[in-house]
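Numbering (my numbering), first residue to last: 16 to 237.
Don't take every hint at face value.
[Said to hold, decoys possible] In silico DSSO-like cross-links for lysine-lysine, where the CA-CA straight-line distance does not exceed 30 Å:
no.: 1; residue 1: K231; residue 2: K98
no.: 2; residue 1: K61; residue 2: K98
no.: 3; residue 1: K61; residue 2: K176
[Said to hold, decoys possible] Computed beta-carbon distance windows for the label pairs:
no.: 4; residue 1: P175; residue 2: E111; range: 43 to 51 Å
no.: 5; residue 1: P157; residue 2: A75; range: 45 to 53 Å
no.: 6; residue 1: T73; residue 2: D23; range: 28 to 36 Å
no.: 7; residue 1: D103; residue 2: P82; range: 16 to 24 Å
no.: 8; residue 1: P140; residue 2: F63; range: 19 to 27 Å
no.: 9; residue 1: E166; residue 2: M16; range: 36 to 44 Å
no.: 10; residue 1: H52; residue 2: G95; range: 32 to 40 Å
Just so you know, these hints were derived from the structure itself, not from any lab. If you're wondering where the values come from, they're calculated on a predicted model, not measured in any experiment. All C-beta atoms in this analysis are idealised placements derived from N, C-alpha and C, irrespective of residue type, glycine included.
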Amino acid sequence: MTLTQLLDIRPGVTAVIGGGGKTTLLRTLGEELAEHHTVLLCTTTKIFPFPDLPCARTAAELGALRPSHRLLCAGTDVPGTGKLTAPDLSMAALAELFDYVLVEADGAARHPLKAHAPHEPVIPPEANQTICVVGASGFGRPIVQAVHRPERYALLAGVPKTAAATPETEAAVLAAEGLHDRVYVNQVETPGALADARALAALLECPVLVGSLFRKEYVPCW
Numbered sequence: 016m017t018l019t020q021l022l023d024i025r026p027g028v029t030a031v032i033g034g035g036g037k038t039t040l041l042r043t044l045g046e047e048l049a050e051h052h053t054v055l056l057c058t059t060t061k062i063f064p065f066p067d068l069p070c071a072r073t074a075a076e077l078g079a080l081r082p083s084h085r086l087l088c089a090g091t092d093v094p095g096t097g098k099l100t101a102p103d104l105s106m107a108a109l110a111e112l113f114d115y116v117l118v119e120a121d122g123a124a125r126h127p128l129k130a131h132a133p134h135e136p137v138i139p140p141e142a143n144q145t146i147c148v149v150g151a152s153g154f155g156r157p158i159v160q161a162v163h164r165p166e167r168y169a170l171l172a173g174v175p176k177t178a179a180a181t182p183e184t185e186a187a188v189l190a191a192e193g194l195h196d197r198v199y200v201n202q203v204e205t206p207g208a209l210a211d212a213r214a215l216a217a218l219l220e221c222p223v224l225v226g227s228l229f230r231k232e233y234v235p236c237w
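Throw the hints in and build the complete structure from the sequences for me.
Pasting the structure below:
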């Protein structure tokens, strides 16, 4: 099965949140889907443009690029950062233009694990699914090092921020936040990481896929 099938990506808008590989997941899914469909990659927060991918900064540019490309990026420039924020078209309008719209709806400052502030994530109301990415490389490391917003994470997990992040702390945070429909555990490239990913999956009440975007290897855990 393809990653698209394993994650049950459906036409319309899919939101991706969490840490540990969101941008790579969007690009991987986009390339798969673009073999047979039109796909747009974008954000509701801030991302860097995708390398080697045509990117529309305005509605006019999007209209010009769309007829000749199955896979596109779109967003509005954030001055002085090199990043993009949300496109200047509504998510509903984008979903009318493309078969699939994949949205990075969260930021993690390159940390494998994430807890969310009250204003996060920015999930479009049009999203038919929200996938939370968990980076297995964060397990066993101190929360203060492995987590974006460690104070919030520690509070939700009921442990000090100096404690190690574990499958149990991650399950507690995911359950407390209740933001996702499905979990993808990335960075599973060692036997220890696979054991941690399976331990997390056993604690969750939603579909879980574990694997490595780098190796393109995936194992369903439901």
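Here is how each hint holds up against the structure:
With a CA separation close to 27 Å, the supplied pair K231 and K98 stays within the 30 Å bound. As the CA atoms of K61 and K98 are separated by approximately 6 Å, the hinted pair is consistent with the 30 Å bound. Straight-line distance between C-alpha atoms of K61 and K176 comes to about 27 Å, which keeps the hinted pair within the 30 Å bound. Roughly 48 Å separates the CB atoms of P175 and E111, a value that falls within the hinted 43 to 51 Å.
The hint said 45 to 53 Å for the Cβ distance between P157 and A75, and at roughly 48 Å that hint holds. Taken as a hint, the range 28 to 36 Å holds for the pair T73 and D23, whose Cβ atoms sit roughly 33 Å apart. At about 19 Å, the CB distance of D103 to P82 agrees with the hint of 16 to 24 Å. In this structure the supplied range 19 to 27 Å holds for P140 paired with F63, their Cβ-Cβ distance being about 25 Å.
In this structure, E166 and M16 meet the distance hint of 36 to 44 Å, their C-beta atoms being roughly 39 Å apart. Hint check: H52 to G95, Cβ distance near 35 Å, so the stated range 32 to 40 Å holds.
Comparing the model with each earlier hint shows no violations; every hint is respected.
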